[in-house]
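S.K.: Protein sequence lines, in the order shown, are assigned to chains A and B.
In terms of this note's numbering, the first sequence has 130 at position 130, counting the first letter as 1, and numbering is strictly consecutive.
In terms of this note's numbering, the second sequence has 1058 at position 58, counting the first letter as 1, and numbering is strictly consecutive.
In case anyone wonders, no lab produced these hints; they're calculated from the structure.
One or more hints might be untrue.
Stated by the list, open to error - Simulated crosslink set (DSBU-like; lysine-lysine; CA at most 35 Å straight-line):
(1) Lys1205/B - Lys65/A
(2) Lys184/A - Lys69/A
(3) Lys70/A - Lys1239/B
(4) Lys1205/B - Lys230/A
(5) Lys1205/B - Lys268/A
(6) Lys1205/B - Lys70/A
Unchecked claim - In silico negatives: residues of chain A with every beta carbon more than 12 Å from chain B:
(7) Val49
(8) Val50
(9) Lys57
(10) Ile91
(11) Leu93
(12) Gln98
(13) Gly100
(14) Asp144
(15) Gln147
(16) Ile193
(17) Asp209
(18) Val252
(19) Ser254
(20) Leu257
(21) Ile267
(22) Phe280
Ideal Cβ placement from N, Cα and C applies to all residues, glycine included.
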Amino acid sequence: MTAMYILFSVAAAAEGASGNGAAGAGWWNIRGLLTWERTGSVVSAILVVVLGSIFVKVVSRAVGKSIGKKWGDERGGIARKVISYGGWVLIVLTTLNQLGVEITALLAAAGIAGVAIGFAAQTSLSNIISGIFLSVERPFKAGDMMQVDDTLGVVLSIDLLSVKMRMFDNRFVRIPNENLIKTKVINFSRYPIRRVDLMIGVAYKEDIDRVREVLFEVAHAHPLALEEPKPLCFCWNYNTSSIDLLFVVWAVQSDWLTLKDELLRSIKRRFDEENIEIPFPHLSLYAGEATGAIPVSLSAETISQMRGLSRTE
Amino acid sequence: MMWDEAEIPEGQCRHWRVGPLGIWIARTESEWQVGEKQFEDEDRVVARECAGMPEDVKPMRWATESVFPPVRLRPIAPDRSVVVRPDHAFRILPHGSARIYISIPVWVRVELLARDDSITLVEVPTVRLSNTWFGSLFEGELCYWTETTARRKFDARKPQPHIATAPMAVRNDTREELPLEQVCLTSSFLGMYRGKDRLWTSEVKVVRSSSIQPERVDIQEGPPSDAQDAALLSEPREKRKGGVLARTVSLIQSIPGAGYVTG
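Please build the complete structure, drawing on both the sequences and the hints.
M.R.: Written out as structure tokens, the structure is:
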């Protein structure tokens, strides 16, 4: 319906422009636009298209580059697209004007069409507006590592409709901008340094001060562990089988995973050397008295029964 | 001796020790081989021919077509800024100044002396330094952290072959005291000089004019005033005319939230 309306509006506009205005001349009078008398208008319309397109291209590139340099490539890209689309709308309107089409009627038709298209493309428009908000707010940029819900990966590009990401197993993800506005986004690359948190359980019999010393020595010996901010160690919890210590060490973003892996290995190695026990969950059974062990005795009969059981298994 | 150029005939090997760093350079029919190893002892200085590389040293290799210019080692400043702490923290009075001497472990650059220019094969640190962060949790600079200290007085004791002394003059032009608890030495602008018995870097002048703005850092041309006759061994990594603005002096302060734990 909308398309039909636009068609008739253009026809009516052309009819008005042809000057005869006679009822019934109708749609076919648009041919009149391309007669020899109108050669001048056609030539100037072509000039408008050619020069306008060059002008729009040059201006959009220059402005996009300038904005990109100042505020980042994503904003530059969006500015370039906005200028380019806006410029082309102006070129089309000017060209039609040159050809004698009445712009007012066309704009009225476009307005109605815009409303109809707006209803039809609600989601896309929402994504575009969200994209503009994202580009202004800049919670992340291309190349950042971020997590959106369960999706963890690196941002490839921020476009008008969606953000493209590469997950670490090399899967491609496209997330609509609208979702990014609504949901929680964690950006791991925003700040230059990041903390490695290690929860380390040691046996109750261990000297906690000595354990802390060993942990600090391990961090101090590792070249990727930052000296400042200093590593910290908190006695965190009396667990069922262990005393839990929270050991935190800082690293630059790019070293985070390497440092975590190497610290865990170094701590295990040092604990083995120092005879510091990392306990596994165990259960102590008491026979009702505080310290007495549960008396266990095996008769010859029981042993033979157990052997018989193991053979049948 | 240590920093002089050397010809290495085909099939021969040469060994250097710069404190804890051992370097071997070997030449075969069509390639250069360079190996390096860290040792525990720190005071040895060696520059001699050797039978070959130790078995536990894995050499880096460069192919060449019968062009074998002389080689030489050069001490250079570390590739990142170095953070040190004064042996005793102190404060500089308003409109006062202080001179400190910072000891930094040098890097060694292995160069081929081609006809027109020198070709760098590799750069190796004499001591593998830890990383540290100079700044806040939001912005700052990744630096090296060294165990050596900054001293108020020049330490004239026996010098170590891999340690260079960087003289730094700090002036406090503000109305507040300037606490000197750690110093960030912007090493990429430092030239390296050979004094009578030790290595020196260019002299650094730091002026603090505001407690909010970064300090103005000027690197002096030529050898430091403590070793006027020192000879230039290597140019700075980066050359810059005029001073730079950089955070050089800071308090050791707890960074808000650094120790806070969630979950």
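S.K.: If a hint holds in the structure, say so; if it doesn't, say that too.
M.R.: Consistency of the hints with the structure:
no., hint, in the structure
1, Lys1205/B - Lys65/A, "39 Å, violated"
2, Lys184/A - Lys69/A, "29 Å, holds"
3, Lys70/A - Lys1239/B, "26 Å, holds"
4, Lys1205/B - Lys230/A, "29 Å, holds"
5, Lys1205/B - Lys268/A, "46 Å, violated"
6, Lys1205/B - Lys70/A, "33 Å, holds"
7, Val49, "49 Å, holds"
8, Val50, "49 Å, holds"
9, Lys57, "38 Å, holds"
10, Ile91, "45 Å, holds"
11, Leu93, "47 Å, holds"
12, Gln98, "54 Å, holds"
13, Gly100, "60 Å, holds"
14, Asp144, "15 Å, holds"
15, Gln147, "15 Å, holds"
16, Ile193, "5 Å, violated"
17, Asp209, "18 Å, holds"
18, Val252, "6 Å, violated"
19, Ser254, "10 Å, violated"
20, Leu257, "15 Å, holds"
21, Ile267, "17 Å, holds"
22, Phe280, "23 Å, holds"
Violated hints, listed in ascending order, are 1, 5, 16, 18 and 19; each of the other numbered hints is respected by the structure.
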